[in-house]
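Participant: Protein chains in written order, with the numbering used here: chain A, 48 to 646; chain B, 132 to 317; chain C, 5 to 241.
These aren't lab readings, by the way, just hints derived from the structure by calculation.
Among these hints, one or two may not hold up.
[Unchecked claim] Calculated cross-link-like contacts (lysine-lysine; reagent style PhoX-like; alpha-carbon spacing at most 20 Å):
| # | chain 1 | residue 1 | chain 2 | residue 2 |
| --- | --- | --- | --- | --- |
| 1 | C | Lys-165 | C | Lys-187 |
| 2 | A | Lys-363 | A | Lys-326 |
| 3 | B | Lys-270 | A | Lys-564 |
| 4 | C | Lys-132 | C | Lys-198 |
| 5 | C | Lys-45 | A | Lys-393 |
| 6 | C | Lys-132 | C | Lys-164 |
| 7 | B | Lys-270 | C | Lys-132 |
| 8 | A | Lys-326 | A | Lys-351 |
| 9 | C | Lys-187 | C | Lys-198 |
[What the hints assert, rightly or not] Over the 12 Å line for every Cβ pair with chain C, so calculated as not near, a few chain A residues:
| # | residue |
| --- | --- |
| 10 | Ala-102 |
| 11 | Ile-222 |
| 12 | Arg-225 |
| 13 | Phe-535 |
| 14 | Gln-578 |
[Unchecked claim] To spell it out: a stretch of chain A is covered by chain B in this simulated footprint if at least three of its residues, at any positions, have a beta carbon under 8 Å from a beta carbon of chain B; those stretches are:
| # | region |
| --- | --- |
| 15 | 619-630 |
| 16 | 633-640 |
None of these values were measured; they are calculated from a predicted model.
Each residue gets a CB set at the ideal place from its N, CA and C atoms; glycine is no exception.
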Amino acid sequence: MSHVNSSVGGVLEPILDRYARNPHHLMQILRETQERLDFIPEWAVDYLAEALALARVHIQAVIDFYAFFYDSPRGKYRVLFSDNVTDRMQGNTALLSRMLSKFALDQGQVSSDGLVSIDTTSCTGMCDQGPALLVNNYPVTQLSSQRIDQICELIKAQTPLVEWPSEFFNVEDNILRRDVLLSTEMASSQALKRAIELGREGMLAEMKASEFRGRGGAGFTTAVKWEACKNAPGETRYVVCNADEGEPGTFKDRVLLASFAERVFEGMTIAGYVIGASKGLVYLRAEYRFMLEKLHAICDARRKANLLGKDILGQKGFDFDIEIHMGAGAYVCGEETALIESLEGKPGRPRIRPPFPATHGYLGQPTVVNNVETMAQTTLIAQNGGAWYHGMGTNLSTGTKLLSIAGDCDRPGIYEYTFGVRIDKILEDCGARNAMAVQVGGASGTCLARHEFGRKIAFEDVPTSGAFMIFGNNRDMFEVARNFMHFFKHESCGFCTPCRVGTTLMSDILDKIASGKGTHYEMNELSRVHQLLRTTSHCGLGQSAGRPVYDTLQKFRPSYDRRLKHKDFEPAFDLDDALASAREIMERDDVSAHLGTES
Amino acid sequence: MLSLQEPPERKLRVATVSLSGCFGCHMSFLDMDENLLDLFELVEFDRSPLTDIKHCGPCDIGLIEGGVCNSENVHVLREFRNNCRTLIALGACAVNGGLPALRNGLDVREVLREAYFEQLGVVSNTIPNDVELPLLLDKVHPINEVVFVDYFIPGCPPSGDAIFKFLTDLVAGRTPRLDYPQMRFD
Amino acid sequence: MENTFIIDGMPIPFEPGQNVLQAALAAGIFIPHLCFYPGLKPNGNCKLCTVIINGRHVSACTTLANSGIEVANNTPELNNKRRLMLQMLFVSGNHFCPGCEKSGNCQLQALAYDLEMMTPHFNHFFPKRTIDASHPEAFLDMNRCITCGLCVQASGEVDKKNIFALSGRGMASHVVINTPSGKLGDSDFAMSDKAARVCPVGAILPKRRGYAIPIGERRYDELPISSQTEFLTTRET
Numbered sequence: 048m049s050h051v052n053s054s055v056g057g058v059l060e061p062i063l064d065r066y067a068r069n070p071h072h073l074m075q076i077l078r079e080t081q082e083r084l085d086f087i088p089e090w091a092v093d094y095l096a097e098a099l100a101l102a103r104v105h106i107q108a109v110i111d112f113y114a115f116f117y118d119s120p121r122g123k124y125r126v127l128f129s130d131n132v133t134d135r136m137q138g139n140t141a142l143l144s145r146m147l148s149k150f151a152l153d154q155g156q157v158s159s160d161g162l163v164s165i166d167t168t169s170c171t172g173m174c175d176q177g178p179a180l181l182v183n184n185y186p187v188t189q190l191s192s193q194r195i196d197q198i199c200e201l202i203k204a205q206t207p208l209v210e211w212p213s214e215f216f217n218v219e220d221n222i223l224r225r226d227v228l229l230s231t232e233m234a235s236s237q238a239l240k241r242a243i244e245l246g247r248e249g250m251l252a253e254m255k256a257s258e259f260r261g262r263g264g265a266g267f268t269t270a271v272k273w274e275a276c277k278n279a280p281g282e283t284r285y286v287v288c289n290a291d292e293g294e295p296g297t298f299k300d301r302v303l304l305a306s307f308a309e310r311v312f313e314g315m316t317i318a319g320y321v322i323g324a325s326k327g328l329v330y331l332r333a334e335y336r337f338m339l340e341k342l343h344a345i346c347d348a349r350r351k352a353n354l355l356g357k358d359i360l361g362q363k364g365f366d367f368d369i370e371i372h373m374g375a376g377a378y379v380c381g382e383e384t385a386l387i388e389s390l391e392g393k394p395g396r397p398r399i400r401p402p403f404p405a406t407h408g409y410l411g412q413p414t415v416v417n418n419v420e421t422m423a424q425t426t427l428i429a430q431n432g433g434a435w436y437h438g439m440g441t442n443l444s445t446g447t448k449l450l451s452i453a454g455d456c457d458r459p460g461i462y463e464y465t466f467g468v469r470i471d472k473i474l475e476d477c478g479a480r481n482a483m484a485v486q487v488g489g490a491s492g493t494c495l496a497r498h499e500f501g502r503k504i505a506f507e508d509v510p511t512s513g514a515f516m517i518f519g520n521n522r523d524m525f526e527v528a529r530n531f532m533h534f535f536k537h538e539s540c541g542f543c544t545p546c547r548v549g550t551t552l553m554s555d556i557l558d559k560i561a562s563g564k565g566t567h568y569e570m571n572e573l574s575r576v577h578q579l580l581r582t583t584s585h586c587g588l589g590q591s592a593g594r595p596v597y598d599t600l601q602k603f604r605p606s607y608d609r610r611l612k613h614k615d616f617e618p619a620f621d622l623d624d625a626l627a628s629a630r631e632i633m634e635r636d637d638v639s640a641h642l643g644t645e646s
Numbered sequence: 132m133l134s135l136q137e138p139p140e141r142k143l144r145v146a147t148v149s150l151s152g153c154f155g156c157h158m159s160f161l162d163m164d165e166n167l168l169d170l171f172e173l174v175e176f177d178r179s180p181l182t183d184i185k186h187c188g189p190c191d192i193g194l195i196e197g198g199v200c201n202s203e204n205v206h207v208l209r210e211f212r213n214n215c216r217t218l219i220a221l222g223a224c225a226v227n228g229g230l231p232a233l234r235n236g237l238d239v240r241e242v243l244r245e246a247y248f249e250q251l252g253v254v255s256n257t258i259p260n261d262v263e264l265p266l267l268l269d270k271v272h273p274i275n276e277v278v279f280v281d282y283f284i285p286g287c288p289p290s291g292d293a294i295f296k297f298l299t300d301l302v303a304g305r306t307p308r309l310d311y312p313q314m315r316f317d
Numbered sequence: 005m006e007n008t009f010i011i012d013g014m015p016i017p018f019e020p021g022q023n024v025l026q027a028a029l030a031a032g033i034f035i036p037h038l039c040f041y042p043g044l045k046p047n048g049n050c051k052l053c054t055v056i057i058n059g060r061h062v063s064a065c066t067t068l069a070n071s072g073i074e075v076a077n078n079t080p081e082l083n084n085k086r087r088l089m090l091q092m093l094f095v096s097g098n099h100f101c102p103g104c105e106k107s108g109n110c111q112l113q114a115l116a117y118d119l120e121m122m123t124p125h126f127n128h129f130f131p132k133r134t135i136d137a138s139h140p141e142a143f144l145d146m147n148r149c150i151t152c153g154l155c156v157q158a159s160g161e162v163d164k165k166n167i168f169a170l171s172g173r174g175m176a177s178h179v180v181i182n183t184p185s186g187k188l189g190d191s192d193f194a195m196s197d198k199a200a201r202v203c204p205v206g207a208i209l210p211k212r213r214g215y216a217i218p219i220g221e222r223r224y225d226e227l228p229i230s231s232q233t234e235f236l237t238t239r240e241t
């Protein structure tokens, strides 16, 4: 391989220069290093530690924390199958097996020639066009047996990704219902100009009048956040756009960034104008790497048009620019303080709150963190005014919401509705005829059964960050919950005791039930551990990790019960299997060398 | 009040056994000294090293010392669970695998090789494989990972006082609790 | 009253800037905890000190004391949750007390005694962990580590050596050593470091000392940890 011969500095120096040897850019430096070398070798860690004046162990800890950084070779082609429940429903398991057998590999194994490794990863945000996979962090959608076979041939021939058929990498927007956000025209700068006309206080007043609530899921009033940040003492202020769309089943931010990035950047600029920030940071999830160059180009164009940079639109002293930071595979970084830690070049462990980012955020300075959709919607409020915006939706949830609809329906994709829309109306629109359950808000959201389809999408009823996964009559809700629980176990940052251990305990219990060894004993255990996680975990990840299990236990109990043994207790492990090594060593296979299960 | 302090109508039947343990918990049981006499007013023994009865019959209480390290341990533990209304894990090994579970980080093959080939003074060159010998499980397990267990008395070993306190609470129908100095993991 | 708040109905005085745990300990009220150590910045990861304030579960060590707040602490509900967390810590590591020098002086064990944890209850993970005996004075037994991060903090905040760091994520989180070899022996760690004295379990222990204090005289042999708030406030023996 060529990189063995390339000189150490030859590879790393240009990358270090690009990021001005700033240790806060460690994540970006590591990503680019890996893009050059396929993994991050020890010599690179040593070199970067020296160049960035960081403890070696710090760099190691960052590599260790993020799923997409590798400290050992993972193959020239690193294939990761998206493993959300929607990918499962679309048949990813069979496709994964097919590919593994083509290369005679086990999952997670690297081929002996160092060519390829194949594994699974958390939801890649392609639920409306799955099953999907990532190859060297670039998405391939609409997988079929045929497409898998073609990919295997391309890998065997060592064809560079740029020479793969371009349709493999097609990512469709699939916008199927437009309301104001997706249908209103906006010339670049139109919203920003209006905001400047209104002035900082005026724009903030419009935000207040709109009673707009953040679209990341928690629904905090955006104007309150902005005002707190604006008034917080600090040397400098930051606007952070949370584009770490990791919630399984969500992909609306992907579409906004693909086709409405102008609005997103303009919204950030307006936020910067209001709070007095000169820098905006986009935290883009690693799975959306394919958009990076395009987003950079849009920023460049905005700089040329004086919509970013110094004295924006001729306003003396209105300086604002945007940097795009990539994540590296960690769902927890969607939590705003973990995201800030990651932006600072550290493992993404959520901070203790308070203090909140509005007063102590990026580099300890006042920081506004808003979701991609929040930033985009802000431009509508600037264009048309807070009162106009307030006229849409419900009293407590104004405006419109993008939903990422996937699962058992005829027309998966992006749907924009005003808040207050009923679940059954949505199901009708997307062609879901036999829905038995809907998971609203992703793995950490709410599981609704048919009798609840009259409920409404709104912060005061069914809140959501945007995910809307539909499960038809034939689906097994136990397996849905088990998929989500494995996701949380994989994504727990490990900081606090209840989440670190509890997500593993709950996953193990569900696996035990799945293997036919569950009893009513396990059902009680699930509830007990969930209650602990819900109340004592450090952040939202742990607090909601047990939720899919709890919801499905309430609403789809038979999917658990039919797996249970009608006895008091059953071991989690197979006793006879536990004797296998000893049988082999002692060359025994007589009756007494086996243990049956008890009746 | 007086009637409450009288012994139960019949003595409770107790069985005890040591699985993968060192008999230290049984020694500790004997360490109850004069309390043993009070205890014998309340209980009688079924299968136990104290009686040499080979198989456990229907019992009120089963006391299990030691973790589960081989197939024979599993059979005996099941026999106890099937026959004892209340099953108690007695001591660290039954409660969490104890020191025998230190082998759980190692492969069974390594363990046997070390014991039968590498140990200083060992002259054999085979691993015994008579059909009479129970096979090792790949890991040593606390007994509650193999059967349902009602109560746990920690300690390595639990003191005679702790065992006495626990059993007399149980016999009297009180939720068993150890006094602070009796609560030991070592 | 100014600078007073309530724990389980008892008025507790506090000095501004103190957190709920510090104020409680200073007033002789025990709140279970593992990852808090006097003089080090509270980091709130063990969650043993979870209390209820205004209906919300919060960590006492990361919540500032405030006049008038009402704290629920020593309740059956909270103690059940704390016991559950102790069980989680026991099954997720390899904690074999009879073979550990720290036994009798171990905070994890002392809390388990105090909260009457009779069994670790859950299936044991029996994780494979490392032992590092490369240092002349100390050894590290990661089987017992609960990733509380106190050694990381003490080494950084007090010793200014930054010898320890937390790496990995989820159940794979673990302490690593800041040397190219990853070995403690290649660092400038010394037994006189603060980091050598803060470990609540037996993960960092001095070499060549075995069971020096007779059973019965160790810190938690006779007196429960909940009766030793004065010691916990200062940590000076």
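Participant: Three or more residues of the region 633-640 of chain A near chain B by CB distance under 8 Å?
Facilitator: holds (count 6)
Participant: Given the proposed pairing of B:Lys-270 with C:Lys-132, does the C-alpha separation stay at or below 20 Å?
Facilitator: Between B:Lys-270 and C:Lys-132 the Cα gap is close to 12 Å, so the pair holds against 20 Å.
Participant: For the pair supplied as a hint, C:Lys-165 and C:Lys-187, confirm whether the alpha-carbon distance does not exceed 20 Å.
Facilitator: The hint holds at about 15 Å.
Participant: Find the nearest Cβ of chain C to the Cβ of A:Ala-102 and say whether that gap is larger than 12 Å.
Facilitator: Given a closest Cβ separation of 5 Å, the condition is violated.
Participant: Do the alpha carbons of C:Lys-132 and C:Lys-164 lie within 20 Å of each other, as the hint requires?
Facilitator: The given pair, whose Cα atoms are some 31 Å apart, is violated under the 20 Å limit.
Participant: Taken at face value, is the distance from the CA of A:Lys-393 to the CA of C:Lys-45 at most 20 Å?
Facilitator: OK: C:Lys-45 and A:Lys-393 at ~19 Å, within 20 Å.
Participant: Taking 12 Å as the cut and beta carbons as the points, is A:Arg-225 off the interface with chain C?
Facilitator: holds, 39 Å
Participant: Can we trust that A:Phe-535 is non-interface, i.e. its beta-carbon lies farther than 12 Å from all of chain C?
Facilitator: violated, 9 Å
Participant: Is it true that the CA of A:Lys-363 sits at most 20 Å from the CA of A:Lys-326?
Facilitator: OK: A:Lys-363 and A:Lys-326 at ~16 Å, within 20 Å.
Participant: C:Lys-187 and C:Lys-198: Cα distance at most 20 Å?
Facilitator: This hinted pair holds, its Cα atoms lying about 19 Å apart.
Participant: Do the alpha carbons of A:Lys-326 and A:Lys-351 lie within 20 Å of each other, as the hint requires?
Facilitator: holds, 17 Å
Participant: Are C:Lys-132 and C:Lys-198 close enough, with their CA atoms no more than 20 Å apart?
Facilitator: violated, 28 Å
Violated hints, listed in ascending order, are 4, 6, 10, 13 and 14; each of the other numbered hints is respected by the structure.
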